[in-house]
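> Protein sequences appear in the order of chains Z and Y. Last residue of the first sequence: number 408 in our numbering, and the count goes up by one each step with no gaps. Last residue of the second sequence: number 816 in our numbering, and the count goes up by one each step with no gaps.
No lab work stands behind these hints, which were simulated from the structure alone. In this text, all values refer to a predicted model and were calculated from it rather than measured experimentally. You can take every hint at face value.
The list that follows gives simulated cross-link-like pairs (lysine to aspartate or glutamate, EDC-like), each with its CA atoms no further than 16 Å apart:
(1) Y/628 / Y/771
(2) Y/628 / Y/773
(3) Y/506 / Z/269
(4) Z/323 / Z/381
(5) Z/323 / Z/383
(6) Y/532 / Z/119
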Amino acid sequence: MITGMGVISPLGDSPARLHDSLCQGLSGIKPIQLFSTAGLGCPLGGEILDFDAAKYLGGERNLRPLDRTSRLVVSAAQLALKDSGWSAEMRAAQEVGLVLGTMFCSVHTISEFDRRTLEAGPAYASPMDFSNTVINAAAGQTAIVHNLRGVNTTISTGVTSGLEAISYATDLIRSGRARALLAGGADELCFESFYGFDRAGLLCRSNDSAGDFPIPFDSRRNGLALGEGAALLMLEDVALARERGARILGEIRGHGSSYDCSRGQEDKDSVQAVASAIRQALHDGFILPCELDCLSASANGSVAGDRHEAQGAFVGLSGQAHKLPVTAIKSMLGETLGASGPMQAVSLLETMRDGVLPGIPHLEEIEDDFPLDMARAQSHEADVINGLINSIGLDGHCCSLILSRGEA
Amino acid sequence: MERRIVITGIGVVTPIGIGCEEFWTSLLNGRSGIAPVQSLDTSDYNVHRGAEVKEFNAEKYILNLDATRLGRASQFAIAAARLALADAGVEIGSLDQKRAGVSMGTTSGEPREVERFDDSYVSKNLDRIGPEFLARYPCHVIPAHVASELNFSGVNIMIPTACAAGNYAIAHAFDVMRAERSDLMLAGGSDAFSRITFTGFARLGAVAPETCQPFDRLRKGMIPGEGAGVLVLEPLDRARRRGARIYAEVGGYGLSCDAHHMTAAHPQGDGAERAMQQALADSKTKPEDVSYISAHGTGTLTNDRLETIAVKRLFKDAAYRIPISSVKSMLGHTMGAASAIEAAVCALAVFNDRVPPTINLNDPDPECDLDYVPNFARDLRINVAMNNAYAFGGNNASLILRKRELLN
Numbered sequence: 001m002i003t004g005m006g007v008i009s010p011l012g013d014s015p016a017r018l019h020d021s022l023c024q025g026l027s028g029i030k031p032i033q034l035f036s037t038a039g040l041g042c043p044l045g046g047e048i049l050d051f052d053a054a055k056y057l058g059g060e061r062n063l064r065p066l067d068r069t070s071r072l073v074v075s076a077a078q079l080a081l082k083d084s085g086w087s088a089e090m091r092a093a094q095e096v097g098l099v100l101g102t103m104f105c106s107v108h109t110i111s112e113f114d115r116r117t118l119e120a121g122p123a124y125a126s127p128m129d130f131s132n133t134v135i136n137a138a139a140g141q142t143a144i145v146h147n148l149r150g151v152n153t154t155i156s157t158g159v160t161s162g163l164e165a166i167s168y169a170t171d172l173i174r175s176g177r178a179r180a181l182l183a184g185g186a187d188e189l190c191f192e193s194f195y196g197f198d199r200a201g202l203l204c205r206s207n208d209s210a211g212d213f214p215i216p217f218d219s220r221r222n223g224l225a226l227g228e229g230a231a232l233l234m235l236e237d238v239a240l241a242r243e244r245g246a247r248i249l250g251e252i253r254g255h256g257s258s259y260d261c262s263r264g265q266e267d268k269d270s271v272q273a274v275a276s277a278i279r280q281a282l283h284d285g286f287i288l289p290c291e292l293d294c295l296s297a298s299a300n301g302s303v304a305g306d307r308h309e310a311q312g313a314f315v316g317l318s319g320q321a322h323k324l325p326v327t328a329i330k331s332m333l334g335e336t337l338g339a340s341g342p343m344q345a346v347s348l349l350e351t352m353r354d355g356v357l358p359g360i361p362h363l364e365e366i367e368d369d370f371p372l373d374m375a376r377a378q379s380h381e382a383d384v385i386n387g388l389i390n391s392i393g394l395d396g397h398c399c400s401l402i403l404s405r406g407e408a
Numbered sequence: 409m410e411r412r413i414v415i416t417g418i419g420v421v422t423p424i425g426i427g428c429e430e431f432w433t434s435l436l437n438g439r440s441g442i443a444p445v446q447s448l449d450t451s452d453y454n455v456h457r458g459a460e461v462k463e464f465n466a467e468k469y470i471l472n473l474d475a476t477r478l479g480r481a482s483q484f485a486i487a488a489a490r491l492a493l494a495d496a497g498v499e500i501g502s503l504d505q506k507r508a509g510v511s512m513g514t515t516s517g518e519p520r521e522v523e524r525f526d527d528s529y530v531s532k533n534l535d536r537i538g539p540e541f542l543a544r545y546p547c548h549v550i551p552a553h554v555a556s557e558l559n560f561s562g563v564n565i566m567i568p569t570a571c572a573a574g575n576y577a578i579a580h581a582f583d584v585m586r587a588e589r590s591d592l593m594l595a596g597g598s599d600a601f602s603r604i605t606f607t608g609f610a611r612l613g614a615v616a617p618e619t620c621q622p623f624d625r626l627r628k629g630m631i632p633g634e635g636a637g638v639l640v641l642e643p644l645d646r647a648r649r650r651g652a653r654i655y656a657e658v659g660g661y662g663l664s665c666d667a668h669h670m671t672a673a674h675p676q677g678d679g680a681e682r683a684m685q686q687a688l689a690d691s692k693t694k695p696e697d698v699s700y701i702s703a704h705g706t707g708t709l710t711n712d713r714l715e716t717i718a719v720k721r722l723f724k725d726a727a728y729r730i731p732i733s734s735v736k737s738m739l740g741h742t743m744g745a746a747s748a749i750e751a752a753v754c755a756l757a758v759f760n761d762r763v764p765p766t767i768n769l770n771d772p773d774p775e776c777d778l779d780y781v782p783n784f785a786r787d788l789r790i791n792v793a794m795n796n797a798y799a800f801g802g803n804n805a806s807l808i809l810r811k812r813e814l815l816n
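Isolated chain Y (complex conformation) (with noise of 0.2 Å):
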């Protein structure tokens, strides 16, 4: 019989709070992450909001590591994975650290530290950058840290596919899971607010000047912004044996590819499609069966047409019925993060049988016409929830997480 895995432990960096308990009460409360950037000057810019994480202490979570000398996307991982096998109760010296690994995924890597390169160049002092560049700056020192910081010497592993990375990356988890290769992994993505991805989402045109709106007739775009989310997955048994609390259980996924445009979806939402598809097959889950969909729901035009136009597709009349949220609406997007705590949301919405809202929703646009839980939070059954992320390079990604209820 396919060993089942689990998901036992959620950390989260976020916007609109550090933690899992936190960050929930946020998105039960609707609270918004977005406000004017810091990080960076925007003086230049015609848009000037992010979703930037505040009041984040490093050295609070780092503990074996020199939190100096890691880039912010590592240092939220780190913390991320820490507060994560926290949640998760799990003992780091009870854990044979050989079978214990991590899978994660980015849209940048270490944005800040090319950046700090190309300031260097642009202003003739190159000389300044030394053996740090190549320590810090390549996206794989992400797992990288988070392995060495916690000792896990097995599966380590960075998928870098962009806005869909962290659904990448909790798939893969869950097939070195499956396959036997690992008794424990942490799996999710982290991204640092950069100067390089608010300029190429500004001049794309698709920043919103004030706040994200998805699915309302008056959406402008999507805020750009930064943080991390790792689960503690693990196998079935090994969770029961230790008493553990479960989440939700990992019931399978799908990949799609729509080969049509880098930035723009397939105008029917064809890879979007067959991604989800995938999932619920891969799942043995019929379409009838999901009750909650967690969307990519950036808060752009085109965006949120599509993915309605997906969904409507694949699950025909049910559609109507099935709630679809999209927490970009206070999180900001926090890119190759966003799927990850997507995720995290879904186990939080399986375990606690509350769906949260898309906030700012207050005039529907009458091409998105689903159920998309505007602006409160609801009670109510869900036995399965559908997480879905779309990325750049038309890389399309659906992970089903269901009730440990249904579990035999």
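One chain only, chain Z, in its complex shape (with noise of 0.2 Å):
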């Protein structure tokens, strides 16, 4: 069950925020200010502008040795905690566990530690920015600012990092394991992995005839637009949730995993891949195809990505995904990585709490093979019991849940 939210976008930094920018098609892609894109192909992302973590902490105390990343962590679990009921009272008498997707918890900081290392010689590389190299760091700092001493786990699959923390949170709840977990994800925007996007060929040109954005499943979309933030679950085991009164926002029904030994190379593959996620998620939920009321895709305007996507969908869905309502709000936040799928289920809950779908702004032409009838470019009504969450990675990782709308 979950029974709260914690997000913190370049759209906004409470669900509500993030839901009504996205149902206005405001774009958080904008002129990256946090470093320079002299040089490099694209200067877009979705930046948190102004991101101050001592807002929603209360202060500096406990942030001083925490970089971005770890940062962004705390602040979307100090919202879901308080958004939940959880409070340090209840957390010291109960464990509470955080399950992370990061597809780089902080490149940034790994690479400052060892260039410090090679500019100033091994005596000046500081031992505190050492402990936050670890992958795992940003979840080992969160545990620490709310005392969570429940499982911590971070995972690490790329784009799909966030979804999968949220698919292994919940099968330690079903199995008994844990009662009470933090699950999503999170990435930074930062100099290191936009330049390995950039060599990669993978953002999205500006100047190009389809204009500075990245425009999910159209014809002329060119690639995506890199974005950051945190988004976080309280998932709890039903009796808990129940016992203690807690407000049901909804439950996680299925989910399902797979990868294409390919990695993006043969679209069949890549096809199959997709289409095996979605399956594996509706048998794990017991839901058929035609129960599902909407799809929240990957699709972020890559140009191999999306047509897998859509492909597999098609094939997933066994041929009815052509009357599924689509959105794809990586269109306004950008690929946030870890922090993407999670983002998509805190809109997806938004959306099954006021039947307002966000559209997919400038989708202007559904490329000819791509059986999404339903995408639309503006935000539209949509009464949401069961939703698929797709997501995609960039080379082979695949993973769809399924969320169900809660009794609130």
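Take the two lone chains and join them into the complex the hints point to.
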């Protein structure tokens, strides 16, 4: 059961603000201020402007050793704990854990630590920074700040990290290994990862006929925009949630994962992998394709990735995909990597609450053989009881998850 | 009835031997893999020794992918995976590869890829960095490369929980198999010797100048190392059907978080004790039935003391009767691979009824007063082995393996 959410995004720091922005078609993708993009092919990113963790934590105390990624996670965790009513006293009495998905944690921290070694010599590398170079640093730091003594796991499967983390947490709760877990993901925008995506030719090119934005599923799409953020769900077993009278926002019905051994190089294998993850999620949740009310797509504007998802959804949903309302919020948030799947979950839970599904801004020409008749540029009404979330990696990982509406 | 999961294959790439046989012989003979560091110029450091893997020929193991385009941790992981499958006598052709998966752990992923980025950055030659950075650096590429090499399209996950990661990865594979999401899992950990890791531990003052002497009064720290360990996990019925040799059954596991400090363990070993306790409960093992403990045993002043305290707190008087050894005395600390390699040690101990020693233990620390199997291997009936691992971020993981004769 999902009993709370916390989100820090380029489009707001609450589920309602994020959802309203998405439904209005606002974009968080703007020229990057965090670092110089001079000489790079794309100057745009979904940056969280004026991000200040102290605002959420009530001051700088405890924050000094934390890098940007950890600060994003600590902030989202604070919001999710508050939203779900898990006070510090309750956390002292009952173990709460954290399952965090992240692609890089902080490659910026890692790289800076190493560059200091190179430039000034090993004697000047900071031991405190070293503790942040491990990929589980953000999860560890967050556990310390919020006294989360239960399971603490970091999952890294690229873009799918966050949705995979929610799946992992769901299984721990189902099997009785944990009763209350924060689960979701985070990644920061930084020069090092941005440079990697730029060199890989994956970023959307500005000054192109399509304009300055990633346009998922559109035939004019030419790449993704990188974004950043953190999103966490509070997951609890049903008995615990009921016992403490928690508000139930929704339920994780099923999940599935698969891997494309060709790593996106062979269309047939890539489409099969997407379909397989969807089928497993349906099977796991005892849900039929016709019982789904919408698809929150992973599509981010990348040329091959969007095609694999569209065609994989057609196969995985036994030809029913064309009837499903579709949204692709990475059109406005950018590709937030580890945060992306959990961001989609937050947005979908808001759609379940208020009945509005965000559109895909600038979408004009859906690629011919994409079976997505219901994708719209504008937001529209949608009564969603069961929704499918896809998370499709750039190099082989696929994860799908089905959410159902709660009682609230 | 719950599906029972057994270990049928072991593959290791270590500083004291590649492949299960050479490794086990080295362990029983107390051979050390610690030597002057070769892959890094240590003249600017105050410590100079490490545990590197020597004479590793990646091309020998990597048959389908291009080994020259993979990072060292991926190369180790594939080699360990191939060795484990061969050891298990698994014919890849006989498998349903859609139901075969990979679960890996790591501390640093592919650190040499980011180090190459940093070298180029510092020398203002960033143009030398191309698309390979994104393709080779993020840690999820390690299980991805293993799966692509073997064409395994099932569950594929990286759990980068630093120095306890191998145990987390094996524990997850165990859950995945129990939930019948997979019919065969390769599970373990991999890490490559890196400048970042060596610098960081050196700056923490945690690296020993000469050698690793866990539990000795004169111990001066850990020795950074590298390697990989991979286990083949199968359901008992499948293993029996094909007449496989069964090393041990995976009994269960426990995970916890100190939520205390990023790099220092809890002063009373709180998290470590809770992880062990949960592992016992999960596997329905009584404390007095544990016949061997593979210690985290890094050789730092505090780790070895706190670990001793935690074992005594949980096992009470029985603690003095349980042999405990640290193979890090021979292997150094192979980071994310360590607990996977140590799980292999536990499986071999259970299978062979022999316990490897803690070498370099001549003058026991009075505060470390348990039986650490000093300097010589011991013949002993081992019914149940416990594998303990602790990490940065306060991540603790304990795993229980038990004898196949106990299987009904």
